[in-house]
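Colleague: Chain by chain, the residues:
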Amino acid sequence: MEAKKIVIDPVTRIEGHAKITIDIDKSGVVEDARIHVTQFRGFEKMCEGRPLTEMPALTARTCGICPVSHVIASTKACDAIMAVRPPKAARNLRRVINLAQIVQSHALNFYHLSAPDFLYGFDAPKEDRNIFKMMQTHPEMAKDGIKLRAFGQKIIQELGGKRIHPEWVVPGGVSHKLEEEQKENILSQIPEALEIAQRALAFFKENIHKFAKEIESFATFDSLFLGLVNKKGALDHYDGHLRIMDAQGNILEDGIDPRFYKEYIGEAVESDSYLKSPYYKPMGYPQGIYRVGSLARLNIAESCGTPLADAELVEFKKINDGKPVLNSFYYHYARLIEIIYGIERIKELLEDPKSMEENVRAHSGINRLSGVGCSEAPRGTLFHEYDVTKDGVISGVNMIIATGNNNLAMNAGVKQVAQAFVDSKNITDGALNRVEAVIRCFDPCLSCSTHALGIISSHIEIRDHNKQVIETIARS
Amino acid sequence: MIKEKVRVKTFKIDGIDVTGQSNATLLEVANEHGIKIPTLCYFEGLTPAGACRMCLVEVEGSDKLIPACTAKIKEGMEVTTNSERIKSHRKMILSMIFAERTHTCSVCVSNGHCELQDQAVDLGLDHSEVPYIHKVFEIDASHKEYIYDPNRCILCTRCVRVCDEVEGAHALDILSRGIDAKIIHDMDEPWALSESCTSCGKCVHVCPTGSLFEKGVSATEMVKKKSIITNLIKTRKER
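Going down the list, the sequences are from chains Y and B. One rule links them: number in our numbering = place in the first sequence (from 1) + 982. One rule links them: number in our numbering = place in the second sequence (from 1) + 1302.
Computed list of lysine to aspartate or glutamate pairs in EDC-like fashion (alpha-carbon distance at most 16 Å, straight line):
{"id": "1", "chain 1": "Y", "residue 1": "Lys1372", "chain 2": "B", "residue 2": "Glu1447"}
{"id": "2", "chain 1": "B", "residue 1": "Lys1517", "chain 2": "Y", "residue 2": "Asp1373"}
{"id": "3", "chain 1": "Y", "residue 1": "Lys1136", "chain 2": "Y", "residue 2": "Glu1174"}
These are calculated hints, taken from the structure and not from any lab test.
Hey, can you work out the whole structure from these sequences and the hints?
Modeller: Written as structure tokens, this is what we have:
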């Protein structure tokens, strides 16, 4: 048999644009498979020369799904350069808006992007694998998805003034305090949001047995896990220190101040993708593969810190007998637990009297010439690092976007799924859908991570042993 | 010194009979009668510059459009302030202003409080009619309190005029011509090194866009206090 290459382009139901290539050797076996991020944006360069205080608004434009995450990391980098610690109320409120972002983004991935696969199976006709079909067959579930996403978005609007790209989070804190009426508006929506999240979790757990083969092969491999934890080793999406854990559960690094991230994380560049390939420096490239995001966060955290999420975390930890869960399919499970955590924690934070204090902003000039802002975005650990002149003009920017951290893991996952499901003699739509679905596990946000020249979404290319494309499956 | 005799002149704006003092400009008379003519470089109390051409109007008997801010009124003249021709010219002028520099409203300190943005909204300009140039200028953030971003400057010269006519410092001026033109301090020194700047901030508060702004403000936060300058000019005149 002649060697060939399969190209999936575009990859569908993800945020951003990518293509996948699958190389088949002469014996008909999948030799390699890679994800190529086909868009370039260049935020690191375009921000140079701009005033520091413009950075939160500017870098928020990296993404329309998780702008709040960028605003958080960016304002934290600005805080570092100003050498200020925002008042407690501001820190609490920043946490609330960051969690609202995580809840809405996780809800988007579960209901709008991934649930069609769970409801109809990976082999269902592609015209059925979407939220519109879900609206016909499972209208209540579709409504839940819309409501849960709206819950997060409304909090962002309530606090930030608008749902996308709010300007409320500013260097030094937030621009205005929380009013009692706003607090009550948000709190009144908590019970329904929690009910919806618990229904989603129950649905997932009832149906997970149907996907045994996917669980086994969807990016299931040894890797490191990276994320933020607080002083107690519990889940933290806003502050804390970095922890790195290996596949056996050994903590390799702990208590790392995020401003020293470069000592631990290296950045490699591949010629076939605009996405950086970060790696754990002590292990080198590409061996230093690590995963970030909900799965990594729950693997490295000892607890969540809220009752319902903690109860579920106990169940989660049982999957691999207390050791890190290595199957990326469980990103879905981890996201659902994080939604519950997010809702519970938002309630706690709003009920903290300190959140209502008047002082919400620290004012200062330029006191340091560089600063790092690090937070947990829905898709993982996010780093913004800025260098400034003594006058506060940006002279250098480095951003490691959450999705970028998972680049090596996504590539390994795509290869694993292609080897498990793609039969070169009979390339089925279901097999190709699984190749895309493994990427969906990571919920990548590719527009973000390449910091687009807007080309419509993604394709699968089949290439022969000479790397010549012999078949392309294009989607739009 | 014998004062010039001021007479009253009568003429029509948009078919409405109006009167004004003989030394008044068309724009002043229109404003007194509540007739709105869009402006950008004009600032009440400062010498008109006629720089932006947003206030162009038609005068019966002339093919040329004339700027209402500098044109003196004439007895019996008939002025049209709003027609398809004028609207088209204003849109083109605005397009050229937007295209020449980098006016990205979404990240601007003056977003929501910007006269250029307001004019675009009023005229229904949803895109530039000419290609964007995006010429890049270095910002001057050397001053301890203020920043000058030439990328958002529309060269209205309000800052130059207020510094000269109200503050009396004349610390600002314009360097170069056309697309290269920018506001400078003294002999093109960094703002912090200007020996004539009094750091009064009047230039910042008359600036119609986010070109001159206070340090430390984030997107949307720069609200200009124009009334302070207007009141200052008025009070001085009344003394």
